[in-house]
Amino acid sequence: MSAEAFADQGLIGTSVLRKEDDALLRGRGRFLADLVIPDSLEAAFVRSPHAHAKVTRIDLEAARALPGVVAAYTWDDIRDTVSELFLEAEMRIPEQVKEAIRPLSRLQPVPLLADGLVTCVGQAVVMIIAVDRYVAEDAIELVEVGYEPLPPLVDPLAALDADAPIVVPGTDDNLAISVEGRSGDIETALAEAAYVVTERYRSHRYVASPMETRGVAVMLDPRDGGLTVFASTQTPHRLREVIAGTLRLDSGRVRVTAPDIGGGFGQKGVQYVEDVLLPYAAHRLGRSVRWVEDRTENLTSSSHAREQVHDITLAADAEGRLLALRDDVVINLGNANLTGLVVPYNTLTHVIGPYVIPVLDLRVRGVLTTTMMTTPYRGAGRPEAVFAMERAMDRLARAMGIEPHELRARNLVRPEKMPHRTGLMYRDGTMQTYDSGDFPELLRRLVGHLKIDEVRARQRGGGTAPGKRLGVGLAMYIEGTGLGPFESGSVTVLPNGRVRVATGASSQGQAHQTVFAQVAADAIGVPLDRIDLIEGDTAAIGHGVGTIASRSMVTAGNAIHLAGLAVRERLLADAAEALGTAPEDLEIVDGVVRPADKPEAGIDVAALAARRAPLLVPGTSTGPGAMISETTFFKPPTVTVASAAHGAVVEVDERTGKVEILSYAVVHDCGRVVNPMVADGQVTGGVMQGIGGALYEEMEYGPDGQPRSVTYMDYLVPTAAEAPPYVLDHIETRSALNPLGVKGLGEGGAIAPPAALANAVEDALGPDRVHITRGPLTPSRVKDLIRGASSGASPDER
Amino acid sequence: MPEITLHVNGLEHRLDVPDRMLLTDALRQRLGLTGTHVGCEHGVCGACTILLDDQPVRACLTLAVQADGHRIRTVESVAPSEEELHPVQQAMRDCHGLQCGFCTPGIVMSLLALHEQEEPPGPEEIDETLSGHLCRCTGYRNITEAAHRALGCAGHAGPADAAGHEHEGAGR
Amino acid sequence: MKPAPFTYRRARSLAEAADLLAACPDAKILAGGQSLVPMLNMRLARPETLVDIGSLAALDYVDVVDGHLEVGAAARQAAVAAHPLVRARLPVLAAAIGRIGHSQIRNRGTVCGSIAHHDPSAELPALALALDARILTYGVRGTAVHEAAAFFTGTFDTALAPDEIVTAVQFPLPEPGTGWAFEEVARRSGDFALVGGTALLRAAADGTVERVRIALFGVASTPVRLPAVEELVTGAALREDVLAAAERLTARTLDPTADSHASADYRREVAAHLVRTVLADAFARTPAGSPTDA
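Protein sequence lines, in the order shown, are assigned to chains B, X and W. Numbers 1 to 798, taken from full-length UniProt numbering, label the letters of the first sequence in order. Numbers 1 to 172, taken from full-length UniProt numbering, label the letters of the second sequence in order. Numbers 1 to 294, taken from full-length UniProt numbering, label the letters of the third sequence in order.
No wet-lab data here; the hints were simulated from the structure. Among these hints, one or two may not hold up.
Example chain X residues on the side facing chain B (calculated, C-beta under 10 Å, incomplete) [unchecked claim]: (1) His-13; (2) Arg-14; (3) Gly-32; (4) His-70; (5) Gln-117; (6) Pro-120; (7) Leu-134; (8) Cys-153.
Chain B is nowhere near these chain X residues, computed Cβ spacing over 10 Å in every case [said to hold, decoys possible]: (9) Pro-18; (10) Val-38; (11) Glu-41; (12) Gln-55; (13) Gln-99; (14) Ile-143.
So these bits of chain W aren't anywhere near chain B, every CB distance computed over 10 Å [unchecked claim]: (15) Pro-3; (16) Ala-4; (17) Ala-22; (18) Asp-26; (19) Arg-134; (20) Thr-153; (21) Asp-163; (22) Asp-191; (23) Val-270.
Owing to the predicted nature of the structure, the values given are computational and were not obtained by experimental measurement. Where is the CB? At the ideal position from N, CA and C, for every residue including glycine.
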């Protein structure tokens, strides 16, 4: 690798406007529902109205007789020719992890349609295929299903009770996952501590809620019947394997393409029964079929996230140095464990945060309940951990009588101590290591942006309107980003002078067309507008993982960078041969390879590609090397650690319970930034999702197991009117773990807001009066806190 | 099945549609105008916003038969040429007002109506209009900035000019 | 999320609409559709026939008739709120409309439709109640008039007979010098209110309240008047102790229900606070309350 690759020149680091925008702004985006597929049938699903019930009878006669209905399937109709859904890629556990911590992760294959039992409201029971969605929904109403209700199970702590209803028949309990991480002697540490706080915090249930719902469309290859699957997915290559495995097809006969995707945020990073049922129907009927999820389906039948209960204990010495952290976590997995250790282990390894904590005693258990399954959503276990840890840090600071930011300052990992080991093993089998970062600088800047001293003065001086209370709160986090195992990147120079870049990553709005073009253009030395990125298509590149886990710039970006550098070497070598000079004497500028001292003698890369193209140029090779093309698989050694400090100044109206964010500040570190405009957009969007969860959004279940937030009238995604005044500041500590020096940033913005805002609201209402243990901080919940404070009762654990 | 006449983007279309067909489906499936997106089908998200007789409305809360004889404009009609974007679209691009782009057509249509109204909208009217659209990607700040820029309403503290907004890291 | 089948009929006259409604017992009137179409899409409403009166030009008007501001059934909320007569003579109606959903909804939704639909968390039924509005109807049996006080009978339920069409709503114009206020607390901008309230108030030159009307919404299955609070305030000057007494009395009077957005206690407390707020704000809009503007 040449030293130039590290130089800060060229396109990396500049806010290039997005290549994606022109089409999207003209209405020429092609999302799943926009694809013109002639004579395509439409699917709809009969879904369970019960949280938990035996299915005693299914009568499809009337539905099948309805004109326009083409097919209706139950599990019994298809079970002989398909397998149950099982996400093998999510379940792989490295041997080191297995040996070191012996995790329990009880795998649970899921029948594609209810197999005599339903375990959550919204579970698919019958698939209807009809001429259009209107008729398909008519048919749903004609299907008669007999249900024999069983006891619902909603609360994750209740799921551990000995007499709890069992969600998966044939198992003894509802414990599907258990992982532990320990370091040092917890009992001694607690006994020696000057301060110990023990609290229970709940992270409530969210829905990722991308603006485009999920969807699948399938066409058959008219020649061989192979399946071309269009899916609103973040992970086309994984979906290909799941479809092929479940339908028992050769994966070579399945092509998965992700068209324009209207947001994913993790919800589209897992594979669902519908993703397999639609290919099944197309395969069986020999017809094109499409399913576009409606909003209520998305809220009830696509995965949920975040529901956790933390029993956390934090201990410090008299000077406020952290001595020990104990956290016993129960995650509500919902009715299936499809994603294994992802969220539990992220919680386990992120609760520590940016702090030095010598003694750790951590346990995370995942339990099954009769609710929709929970899977990774933007942050994936980290916002929950940060909520518990950063709330506990505030309580500890109050107990000591010092400023919350002062307590944090005393415990941050110092930059000169990097790389820092926590003592835990990470999910990839390495010892968890913070590769770089400057946490004190994050905090110092944040305290300045929040003007905490001014807030304190106003609080003391009564500088607020009657009935209003002012508060300030902050939260810090670290995030392991750029998860492996690998990502692919291939770069090809075509004889027409264009550069084709392909990768297994897959954009849902992260501007890959632009930012990967910046990376490739810089690596090779060609102009940005010569780059054509092809991604989200299993036919474009054989292997890939996808865009999840804040990983694409780290993994795909570096794969493209390395492939681009290799192509550059090829171009230099070919040009040297053509020009009769040494490669070292050449440079590539604007797509022309030229002698540094004689630029006018340069050769365009198009000409160099044409030289290699067989048949075009007599005498050229037709063997390997007949094209200027390189493919690289970048395997990161482990995750890179991004970090941030968030804070908010809020005003709480004690009479209405409404929280107004007067300012929200972020100081963020994601290593080297490829496109500052895009990076800021990613962080800001994440922050707004975090604010949504802190104040507005909750997927609520009643004790009967009925979801209560089933439309956008009840699941409250914030609007522009809720976007607060905002400061976004960056520092940059590069990662040494990859050639570009980048860290991931897709999820980060969403991680801290629930904690920062809870801390700010508690500060406003008075930490001596109220204790916030869960969100969202709705007006009603805030009034409950105030009422509880004046009556002396603790209202929060209702 | 009634025959209706829709005047869409300057062209007259005669269509047979079922009584219950939503205008979103008529535009998308019958006329191929898939730029009008469907996000919730109960009027909250705003992705399907079109101009009906020059006013922004939810196409998902309008039956196709109700639009019989009316003038409709969709996002496909907004840009003046292949080379040029409308000022509203250009501002959205310049301000990074879109990420996945799914909600964008609805927002463009609402802002277009403000752009065309005789009296230029004030900041409050712009903010009220934008609050009728859900976007899950951007966090809204850049959309608001784009709107204020396109509609000639200066002074909004968007990302480009927010007080205290800094890029202090090395390499910038 | 697609409607179940129905037959759509666009009425060419009010008489035709009445005939269609009478001929099909399971028919519903469609005007703006901003409340009805979501329910159709979710299949929560499934009429056999929809009778569209939204394009009847004769019903698209705002006028002042005999001391009433009359709004026709085809008049869209946005147009009504912007109408010069409304802005000059009944600004509280414009304020109430401004709190309905978003502009994209108000461009299509109608004032009469919102009243006929009667969501108990909606703004216009409460305003109609506070103003003693009259709901004018037409049907095959002729015309009829409903008093707002007897019109709202329960959640999504009214005194409207199956063959009646709301043709207009008449809002009595407050006497000159009447102050008004309209306030609500919602989760997000544009959401249905958790609790809302409105007040209209006349005061003597010395600040004594001569006449007051208060209505709340979001606290019961219908909007509610607060006669005891009105009585308490009438004849008094709106000093702090009177406002506090009004607040306490409101809290004692109400028995709201809980839902996933707010507890009963929340609604009671915030309703009481809003009563104080709207009384004070309405008073501030009277000549006595804002002497400099008078």
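Open item on the list: Under 10 Å is the threshold here; is the Cβ of Pro-120 (chain X) close enough to any Cβ of chain B for the hint to stand?
Closed with: Since the shortest Cβ distance to chain B is 19 Å, the answer is violated.
- [ ] Decide, holds or violated, for the assertion that all CB atoms of chain B are farther than 10 Å from the CB of Arg-134 (chain W).
- [x] holds (31 Å)
Open item on the list: If I take the minimum Cβ distance from Gln-55 (chain X) to any residue of chain B, is it greater than 10 Å?
Closed with: Label holds. Min Cβ-Cβ 19 Å, cutoff 10 Å.
Task: Status of Glu-41 (chain X), Cβ more than 10 Å from any chain B Cβ - done: The claim is violated: Glu-41 (chain X) sits with its nearest Cβ about 6 Å from chain B, within 10 Å.
TODO: Using Cβ atoms only, decide whether Leu-134 (chain X) comes closer than 10 Å to chain B, and label the hint accordingly.
DONE: At 5 Å from the nearest chain B Cβ, Leu-134 (chain X) passes the 10 Å test, so the hint holds.
Task: Cut-off 10 Å, beta-carbon criterion: hint that Cys-153 (chain X) touches chain B - done: violated (14 Å)
- [ ] Just double-check Ile-143 (chain X) for me: nearest Cβ-Cβ distance to chain B has to come out over 10 Å.
- [x] Violated, because the least Cβ-Cβ distance between Ile-143 (chain X) and chain B comes to about 7 Å, which does not exceed 10 Å.
Task: Residue hint Gln-117 (chain X), partner chain B, criterion CB-CB below 10 Å - done: violated (19 Å)
Task: Assertion that Pro-18 (chain X) lies farther than 10 Å from chain B (Cβ) - done: Check fails; 7 Å does not lie beyond 10 Å.
- [ ] Decide, holds or violated, for the assertion that all CB atoms of chain B are farther than 10 Å from the CB of Gln-99 (chain X).
- [x] violated (4 Å)
- [ ] For the hint on Gly-32 (chain X), just tell me whether its beta-carbon gets within less than 10 Å of chain B.
- [x] Because about 7 Å separates Gly-32 (chain X) from the closest Cβ in chain B, which is inside the 10 Å limit, the hint holds.
Open item on the list: Confirm or reject: Asp-26 (chain W) is not an interface residue toward chain B, with every Cβ-Cβ distance exceeding 10 Å.
Closed with: Consistent with the label, Asp-26 (chain W) stays out of reach of chain B, its closest Cβ about 17 Å off (over 10 Å).
In summary, the structure is inconsistent with hints 1, 2, 4, 5, 6, 8, 9, 10, 11, 13, 14, 15, 16, 22 and 23 from the numbered list given earlier, while agreeing with the others.
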